[in-house]
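Read off the chains here:
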Amino acid sequence: MGKGGNVDMKWIRLKYKKWFNISKDGLVKNNQIVIAVLGICSALAVTNRVENAIAMGLGVTFVVMASSMTVSLIRNLIPSRIRMVTYMVIISSLVIMVQMFLEAYFFDIAKALGAYVGLIITNCIVMGRAEAFAVKNPVRYTLIDGFASGMGYTYVLILVALVREILAFGTILNVQVMPDAWPKWVVMAMAPGGFFVLGVLIWIIRELSKNFEVEMK
Amino acid sequence: MKHNLRLIIFVGIMGLITSFLLAGMDALTKERILANQEAELKTTIMKAYDISYTLANLHEVFDESVKIMTHDGLSFYIDESTGYVSYVFEGSGVWGPIIGVITLQSDFETIASIVVLQQEETPGLGGIVAEAKYLSNFNGIKMVPSLEINKDARGAPNEVNAISGATRTSKAFEELLNESYARHKAAWLILNG
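Here the protein sequences come in this chain order: G and F. Using the working numbering, the letters of the first sequence map in sequence onto residues 94 to 310. Using the working numbering, the letters of the second sequence map in sequence onto residues 289 to 481.
In isolation and in its complexed conformation, chain G is listed as follows:
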């Protein structure tokens, strides 16, 4: 067997590795926004500028990883009837502690993140991953899953934000890219603009990946 064969074999083996499949799920196959349609509220609120999208994406990624890890660590102790409440308590305590830490030692970052923190706690993705994955998987896989889901969320946010920031302000990351005469399309900066762009994006991706519900005959 030649060298090319080895590469092929490696690729085939990779496809059966658990971490690879978890990442693929989070980033593409079960993308939290496009396929699961979770986290839409925050996605509409913060995608009018690319910098907001990046900050929110990283914040959510961090919180998903940390909360999934905690849920996974105590998953055998959580009584199933009150698991939702437990997730909520874990998520909000974590976020509040992180916020206090930032305010004390990284004041500037805390100021820049100020408005996002509340939105992170209420992000359905955090709860969704705890319930759908972390509560039945060991810690190392939950970390991969949290990272992949968070990154899947982040890049969709950035895509939407790119379109909206260009149309609404003529800028990318506050750097002007459009001519001065660019007519600023204010509705794109507002929530309805987010609905349009996100809706069209989800439609395109689902059409390309043939991921839609088939009507039962």
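Note that these hints are calculated values from the structure, not bench results. Note that beta-carbon positions come from the ideal geometry of N, C-alpha and C, so glycine has one too. Please note that a few of the clues may not be correct.
Ranges of calculated distance between the beta carbons of each label pair, as one might list FRET restraints [unchecked claim]:
#1 G/ILE175 to F/LYS318: 29 to 35 Å
#2 G/ASN169 to F/LEU316: 26 to 32 Å
#3 G/ILE175 to F/ASP314: 45 to 51 Å
#4 F/ALA441 to G/ILE175: 52 to 58 Å
#5 F/ASN345 to G/LYS229: 53 to 59 Å
#6 G/PHE305 to F/ASN427: 50 to 56 Å
#7 F/ALA444 to G/VAL279: 22 to 28 Å
#8 F/GLU463 to G/TRP275: 32 to 38 Å
#9 G/LYS303 to F/PRO385: 46 to 52 Å
#10 G/LYS110 to F/HIS347: 53 to 59 Å
#11 F/GLU463 to G/LYS110: 54 to 60 Å
#12 G/ASN169 to F/PRO385: 39 to 45 Å
#13 G/LYS111 to F/ASN345: 54 to 60 Å
Using the hints provided, position chain F relative to the given structure of chain G.
Frame of chain G, contents of chain F only:
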């Protein structure tokens, strides 16, 4: 019964652990957070007065160059060389409190500058209320008879353009500025009676 008991024990322990962690974190960070906020207030005021300082000597410079007057719990920070006066305003925005520092010229009517220190408005929309570029519109505007933040402002001396797409934040900001001005003006008149 046994199952319920387990539930109650779990909730109790979870509550204990999380409150212990939160209380511990609060105790650890409280002083630093307060110190940070105090430093932020002082640097904001000194920037408004164009006083130069470094991170090392900001408290000394502040004590030397800014005079503080207090009446009824309301504090005024006065730059004695120009007569400019600053005070902290506070009120509720759409999603949470908006806190900031307003500096008035010596007539106590004309705005010299406004800085927003804390807000939780929608990022990119209402959040614009904290951006220096938007706040510079307030410089030179009169607080009397009352400040107005309107869509398509026509340039009256007491009128500022609203943030497009954030009508409710603009309205809330107008109300809280006017409300805090009224309270501070009453106190200011008594102090300088």
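Please test the hint of 46 to 52 Å on the beta carbon pair from G/LYS303 and F/PRO385.
holds, 48 Å
Using the beta carbons of F/GLU463 and G/TRP275, state whether their distance is inside 32 to 38 Å or not.
holds, 34 Å
Evaluate the given range 26 to 32 Å for the C-beta pair formed by G/ASN169 and F/LEU316.
holds, 30 Å
I want to verify a distance hint. Is the separation of the beta carbons of G/LYS111 and F/ASN345 within 54 to 60 Å?
Distance hint for G/LYS111, F/ASN345 holds at roughly 57 Å.
Please test the hint of 22 to 28 Å on the beta carbon pair from F/ALA444 and G/VAL279.
holds, 23 Å
Is 45 to 51 Å a correct range for the gap between the Cβ atoms of G/ILE175 and F/ASP314?
For F/ASP314 against G/ILE175, whose Cβ atoms are near 26 Å apart, the range 45 to 51 Å is violated.
For the range 52 to 58 Å, tell me whether the beta carbons of F/ALA441 and G/ILE175 fit it or not.
holds, 54 Å
Is it true that G/ILE175 and F/LYS318 lie within 29 to 35 Å of each other by Cβ?
holds, 31 Å
The hint says 53 to 59 Å between F/ASN345 and G/LYS229; measuring C-beta to C-beta, is that right?
holds, 57 Å
G/LYS110 and F/HIS347, beta-carbon distance inside 53 to 59 Å?
holds, 57 Å
Using the C-beta atoms of G/PHE305 and F/ASN427, is the stated range 50 to 56 Å upheld?
holds, 54 Å
Using the C-beta atoms of F/GLU463 and G/LYS110, is the stated range 54 to 60 Å upheld?
holds, 58 Å
The structure shown violates just one earlier hint, number 3.
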